[in-house]
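A.B. asks: Listed here are the chains, written in short residue letters.
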Amino acid sequence: MTVYRQTLDGHTYTFDGIVDLLAKATPQRSGDELAGCAATSDAERAAAQWALADVELATFLQHPVMPYETDDVTRLIIDRHDAAAFAPVRSLTVGEFRDWLLAVAARPDAADVLTPLAPGLTPEMVAAVSKLMRNADLMAVAKAARVTTAFRNTIGLPGRLATRLQPNHPTDDAKGVAAAVLDGLLLGSGDAVIGINPATDSPATVAELLRLLDDIRSRFDIPTQTCVLTHVTTTLDLMRQGAPVDLVFQSIAGTQGGNASFGVEIEMLAEARDVALNLGRGTVGNDVMYFETGQGSALSAGAHLGVDGRPVDQQTLEVRAYGLAREFHPLLVNTVVGFIGPEYLYDGKQIIRAGLEDYCCGKLLGLPMGVDVCYTNHAEADQDDMDSLLMLLAAAGVGFVIAVPGADDVMLGYQSLAFHDVLSARSVLGLRPAPEFETWLQTVGLSDERGGIRLIDPSGSALQQLTAVS
Amino acid sequence: MSTTPETTGPPTGPDFWTRLRETTPSRIGLARTGDAITTRHLLEFRSAHAAARDAVHEPLDVAALTEQVTALGLGDPVTVASRAAGRSEYLRRPDFGRHPADLGPLDDVPRGRDIAVVLADGLSPRALSEHGAPLVGAIVEALGDRWSIAPPVIATQARVALGDHIGAALEVGTLIVVIGERPGLSVADSLGVYLTQGPRVGLTDADRNCVSNIHPPGGLSYAQAARVVAGLVEGARALGRSGVALKDTSRAAVEAAERSALD
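These protein sequence lines are chains F and G, in that order. Residues in the first sequence are numbered consecutively from 1, following the UniProt record's numbering. Residues in the second sequence are numbered consecutively from 1, following the UniProt record's numbering.
Please note: incorrect hints may appear among the correct ones.
Take a look, some chain G residues computed to stay more than 12 Å from chain F by CB distance [claimed, not checked]: (1) D61; (2) E67; (3) G73; (4) A81; (5) A101; (6) G104; (7) P110; (8) R146; (9) P151; (10) A168; (11) S221; (12) L239.
Part of the chain F face toward chain G, derived, beta carbon under 10 Å [to be verified]: (13) L34; (14) H169; (15) D173; (16) G184; (17) E343; (18) M411; (19) F419; (20) V422; (21) L423; (22) S459; (23) T467.
No wet-lab data here; the hints were simulated from the structure. A quick note: this is a predicted structure, and the numbers were derived from the prediction, not measured. Beta carbons: idealized from backbone N, C-alpha and C, even for Gly.
Please build the complete structure, drawing on both the sequences and the hints.
C.D. replies: Written out as structure tokens, the structure is:
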């Protein structure tokens, strides 16, 4: 094991191997403190960042944080690494890579440089460089990278901000779900996906919700995709029974053990993707997968111990989940950044930082990143923090965010963004919905000539009929 | 003439959203001012958030709860604290919340009873204060007199798995942990019940059965929840274990209980 040493103000700090160094170089995070891998002082953290800056990027190919032999995510990362794509940055250290990225990001052809680089980067390289970046660095690099995906509309184009309309209901009541869908559509939401977290995992209920959403979408000819976020195996069975599945959803983590705790294996995801592709339901593209991630999931499953049994920091593990996601060319990936609780991200500052890290790292790896800008009631955060994170993400070109009626998710018991918040971000920053969805909003009279969402009387809108669920 | 013509937009049928709100507790149809929600909705949201946060941070009134629980006649309750020294540490260190600071208070509690009940503050001490004693009363009633029950234990700064230490120390067959759930904006006083057969240190969530959303009048009633818990106790004791393997047995037991309740 390489021992890294760094002297700072006359004190020499030592770091036992790359796993320890990555963890100690991470900005302060309650989850790393819980895991026992965080720096114990600000000075030790600064020393770790100095030492990490000198590590060569190629080191991460030779020294995985989780063992190659026992972790299938590591095998995927290493086996899929594209040496030719890596060539432009192969000789750089982590610190030099930050400088290089920021220089590229300032160039007009940044996207043309960063897109072909993505297959040459591993999650660990990207996690490492993000630890040296400030929030504005994360924003600049994320905005410069470009990732567009498509199914019935196009996500990720410059100048656009899409939303997942999340019409959750505590008992999966069809009328209640439909009412929330109407509320969201009237406020210009739903272009990334109309996606429900069902309260039950009963396949029959999931099938009913899939039919409900598909009926609404097709009746009003809405150029979007729908999804019921249930386990991949349930979706696979339902597809085989002919249920109207647009997107295959799954929560994923950055370690084999973390995925096992979700009941997921890589082969399952590949199989489900094949079946969904064969349904041929996309119109402008055929990206059929939707993944959710979030810092802390591996630790929460006790599946965070890496080489030599050392705890791997939660941000590095999160980026490894993106390494898994990109294998399946998803339409959407979102980090549910503040969902798990303050034991992983303590307050608004940690949530905002983590949201920007996740977005930037996913984008650099070539993923269509979105963020559930959110928090729980036992975290030290409030809606002002969500406003800040939303505006930072939107300014940095995030593909989509999640929105629920009034920011209050009554099924999962946490706060996300309100549909109104997305309207504010679009108007403050001059952003528009996905193009196909924007055209639809104009066609049905919801959007005015300047692209703003009209204040209309819903009882006079044809859309109100979508709540007439039998 | 209105001085704020953009506040609510064109006239909306007064019952339009009212009718739809009967179908969901979601905050649908919030009036707009520009792109934002109106002041009234903003303040309603902040009030709900404040209530939820207060529910997390208000300390449990142990004396008042002890008095209520004593009245159940199960013996004098004792209190066990977790290793988490205060609320801030509790929130950051779930591992501390799962370990007792000191099991000494259990020294005089009789060992080897069939069932022990732990009343844990969890993330909503208010839920425990409001619903804890009546729920335990309902559970005891639903269990009938077939089982011996240990004197109740009140646990502070507690996570669910703290109960495993208590149950193991008391050498009980079945452990029932009643705990305050993470408050949402709509409900800040919801209780959950976790049942473990053969409690011992090191069990995981896969070894427990959970009944959640107990908060009358909006959620499960005490009697409904108690019936489900009693069914789970029957199932767990018949099966000799709890958790994933218990589901079908308990469902059958609960359905049987509900049928007999209808008779």
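A.B. asks: Going by Cβ atoms, does A81/G stay more than 12 Å from chain F at every point?
C.D. replies: holds, 19 Å
A.B. asks: Would you say A168/G is clear of chain F, with no C-beta pair closer than or equal to 12 Å?
C.D. replies: Per Cβ check, A168/G is outside 12 Å of chain F; nearest 20 Å; holds.
A.B. asks: Take a quick look at R146/G and tell me if its Cβ sits farther than 12 Å from every Cβ on chain F, holds or violated.
C.D. replies: Fine: 32 Å to the nearest Cβ keeps R146/G off the interface.
A.B. asks: Is it the case that D61/G keeps its Cβ farther than 12 Å from each residue Cβ in chain F?
C.D. replies: holds, 19 Å
A.B. asks: Against chain F, does A101/G hold up as non-interface, every C-beta pair farther apart than 12 Å?
C.D. replies: Answer for A101/G: holds, closest chain F Cβ roughly 19 Å.
A.B. asks: Taking the closest Cβ pair, is L34/F under 10 Å from chain G?
C.D. replies: holds, 6 Å
A.B. asks: Was the hint right that V422/F lines chain G, CB cutoff 10 Å?
C.D. replies: holds, 9 Å
A.B. asks: Given H169/F was flagged as interface, is its beta-carbon under 10 Å from a beta-carbon of chain G?
C.D. replies: holds, 6 Å
A.B. asks: Under 10 Å is the threshold here; is the Cβ of L423/F close enough to any Cβ of chain G for the hint to stand?
C.D. replies: holds, 4 Å
A.B. asks: Does the interface hint hold: is S459/F within less than 10 Å of chain G, judged Cβ to Cβ?
C.D. replies: Because about 4 Å separates S459/F from the closest Cβ in chain G, which is inside the 10 Å limit, the hint holds.
A.B. asks: Find the nearest Cβ of chain F to the Cβ of P151/G and say whether that gap is larger than 12 Å.
C.D. replies: Per Cβ check, P151/G is outside 12 Å of chain F; nearest 30 Å; holds.
A.B. asks: For E67/G, is the shortest beta carbon distance to chain F beyond 12 Å?
C.D. replies: The claim holds: E67/G sits with its nearest Cβ about 27 Å from chain F, beyond 12 Å.
In this structure, every one of the numbered hints holds.
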